[in-house]
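What follows is each chain in one-letter form.
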Amino acid sequence: MELTGAEIISRFLKDEGVEHLFGYPGGAVLHIYDALYQQDAVKHVLVRHEQAATHAADAYARSTGKPGVVLVTSGPGATNAVTGIATAYMDSIPLVVITGQVNSTLIGNDAFQEVDSVGITRPCVKHNFLVKDVNDLALTLKKAFYIATTGRPGPVVVDIPKDVTAERTRYVYPKKVTMRSYNPVVKGHSGQIKKAVNMMLSAKRPIIYSGGGVVQGDAAKSLTDLAHQFGFPVTNTSMGLGGFPASDNQFLGMLGMHGTYEANMSISHCDLLIAIGARFDDRVTGKIEKFAPGARIIHIDIDPASISKNVKVDVPIVGDVNAVLKVMLGQLKEAGRSPDGEALAKWWQQIEQWRAKECLKYDKSSPLVKPQNVIETLHKVTKGNAFVTSDVGQHQMWAAQYYGFDKPRRWINSGGLGTMGFGLPAAMGVQFAHPKAQVACITGEGSIQMNIQELSTCLQYNLPLKILCLNNGYLGMVRQWQEFFYEERYSHSYMESLPDFVKLAEAYGHVGMQIEKPEDVEGAIKEAFKLKDRLVFMNFLTDPKENVYPMVPAGAGLDEMILI
Amino acid sequence: MRHIISILMENEAGALSRVAGLFSARGYNIESLSVAPTEDESLSRLTLVTRGSEEIIEQITKQLNKLVDVVKLLDLTEGPHIEREMMLIKVKAGTASQREEIKRLADIFRGNIIDVTDTTFTIELTGDVQKLDAFIETIKQTDIIETVRSGVTGISRGAKALTL
Ligand SMILES: Cc1ncc(C[n+]2csc(CCOP(=O)(O)OP(=O)(O)O)c2C)c(N)n1
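Going down the list, the sequences are from chains X and A. Under the working numbering, the first residue of the first sequence is numbered 866, with each subsequent residue one higher. Under the working numbering, the first residue of the second sequence is numbered 38, with each subsequent residue one higher.
Just to be clear, a hint being listed does not mean it is correct.
[As the list claims (entries may be wrong)] Pairs of lysine-lysine, DSBU-like flavour, derived with a Cα cap of 35 Å:
id : chain 1 : residue 1 : chain 2 : residue 2
1  : X       : K1059     : X       : K1211
2  : A       : K103      : X       : K1086
3  : X       : K997      : X       : K1007
4  : A       : K99       : X       : K1191
5  : X       : K1226     : X       : K1410
6  : A       : K109      : X       : K931
7  : A       : K109      : X       : K1191
8  : X       : K1410     : X       : K931
9  : A       : K103      : X       : K1174
10 : X       : K1174     : A       : K197
11 : X       : K1226     : X       : K1391
12 : X       : K1052     : X       : K879
13 : X       : K1060     : A       : K109
14 : A       : K103      : X       : K1155
15 : X       : K1198     : X       : K1069
16 : X       : K1198     : A       : K99
Hints in this document: simulated from the structure, not taken from any laboratory.
If we strip away everything but chain X, and leave its shape as in the complex, we get (with noise of 0.2 Å):
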């Protein structure tokens, strides 16, 4: 039987196991959109911005290990859509994004609605394509969802024109496709893990820095099991927090700008670095010269360009890395031998001295509602099983520092991007993906802005989110570098006529709170889980003052943070 193009795309989604896209219908798309009214296999969420769309797909993506999927509109619809596919390229998220495109006799006609979505899309997708032929679409959309999710995952975009999708052909779905030009790698060198084995072997004052390369590539176990075999200190990056344990000994932290003490440190004085799924992000470095300076490094990255662009490592280790960690694991069991324990025990011991310093301590008794103690609290009531989302500023810092992640796709935040508005969306992405999980969007009073209409979306499908809003009444991370660095000039960092919280979310159908004192933090909390049915938006007044430590300045070297 022959479909249409816009049959064989609602097809080939079921087919493919799609079971949720996100989108927003328009006029390029409205064959799709009629297509899809007539099946029940794939369910639409329908946002209220097509940027929503991207961040709940990817965070779905994030958070079960699944690719995103984001159907738009052409011209505008599309263009909204970027800043989410950025969002998502930047962390290597699997998305696959499609964006209807006027007809294709019309293209390079400045039709109405019409942008060229493959090229304004080309510097922030792994791929795109545009599909000219009815013929092409099955196969493309395969070759879509097999780019998205092997290698170093990423988004890519299908842009299809209106008449393709009213085109008739027969449909048969691609249960495979190989491409001549794209073959990532997956096994790694074996005689290379055998040289880093050697070196963890012999190491005396070892790190293991982790990503989200761990996280993405199912890693954490392997890790884990990894750095117990060797009894190696662990730092993960932002994307990276979960890949291992937050609360084992080993752990010393996130590094980089607003890392740790210890975890700063130890990079600073080790004599061997272990990065798995990182890429030295100038977040994470600080002054590149100043970084693991005494060390040598062994990288294991799935994506070769990764390896060696920052900085030069001594073993690279080009593969998958969960293979990766496996064949080393066996290694050691084979090699007999145990790492160097008395070397080992004064690393340790030089380690604990760093972390006596405390770091993360904050003023317990003052008047003000701490944001440190909201995310502490957070996680004593979740009792640390929470999804948690974040946007970006100082809020994020917070939560990836007080939150204390054990397992993996727990944390959920735009790291490479840093796209504030990010938060919401994706915890409804979260949300759908795990419907009975407890998740809670951490926030500041000017990211959930951003994209504050999607509480309507929560609404129509009755996700209960719980929002934590830390509202400082500043933009706080630019205030933050303001009082640091420009002598406390406070450009445009502070937002007046704020809404009213509380009654903004009543206006969407949804429980508002607001907190104002530190002993109503952890009741009000509480009280927010209890309501399993509600989203409810807690506004925290927070001390407007506070800042993130300890705190690398940009261009200094790691072990020359600010402290409290």
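The hints should help you fit chain A with the ligand onto chain X, whose structure is shown.
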């Protein structure tokens, strides 16, 4: 260091802009670029000349390899290779002495005069970059009306080849 990178890629709309876009997005420079389909019409062969430290060239080749449309690539400058560029150059040739002189120079450089008018000669010249540069140097600047160069192409010496 100057490098000649030869790329075999899918002959698809947009493939060239992915390569060009990569260079502008990452701030790498392109000295020259030439591209055309191969005997297998599904493939194009692109040759680009770039400059950079070893680290930068390593990044460039890795990033190019990451492009989904790139099937294979080879840094020709890593081994013995032949490099060629073609130039068409139109020069003033109004007087008998000018005509004589230019013809003589073209012969020395093994160029062909491919178009002649009362006032101009157009010469076709093939060689490596230095040879073409040298020819331009030799002709008086004031005599040159127009030059057009194809960009460098190249191929490995011996049996080594960039094929599927
Ligand atoms: C879309 C976008 N615009 C601007 C920025 C720059 N920026 C980073 S943090 C920040 C302040 C965020 O303020 P708020 O959401 O109130 O969080 P706080 O830092 O106060 O916790 C800004 C403006 C950004 N990251 N994203």
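Now the hints, each set against the structure:
no.: 1; hint: X:K1059 - X:K1211; in the structure: holds (26 Å)
no.: 2; hint: A:K103 - X:K1086; in the structure: holds (29 Å)
no.: 3; hint: X:K997 - X:K1007; in the structure: holds (16 Å)
no.: 4; hint: A:K99 - X:K1191; in the structure: holds (26 Å)
no.: 5; hint: X:K1226 - X:K1410; in the structure: holds (16 Å)
no.: 6; hint: A:K109 - X:K931; in the structure: holds (30 Å)
no.: 7; hint: A:K109 - X:K1191; in the structure: holds (30 Å)
no.: 8; hint: X:K1410 - X:K931; in the structure: violated (40 Å)
no.: 9; hint: A:K103 - X:K1174; in the structure: holds (14 Å)
no.: 10; hint: X:K1174 - A:K197; in the structure: holds (29 Å)
no.: 11; hint: X:K1226 - X:K1391; in the structure: holds (24 Å)
no.: 12; hint: X:K1052 - X:K879; in the structure: holds (31 Å)
no.: 13; hint: X:K1060 - A:K109; in the structure: holds (29 Å)
no.: 14; hint: A:K103 - X:K1155; in the structure: holds (30 Å)
no.: 15; hint: X:K1198 - X:K1069; in the structure: holds (20 Å)
no.: 16; hint: X:K1198 - A:K99; in the structure: holds (34 Å)
Of the numbered hints stated above, the single one contradicted by the structure is hint 8.
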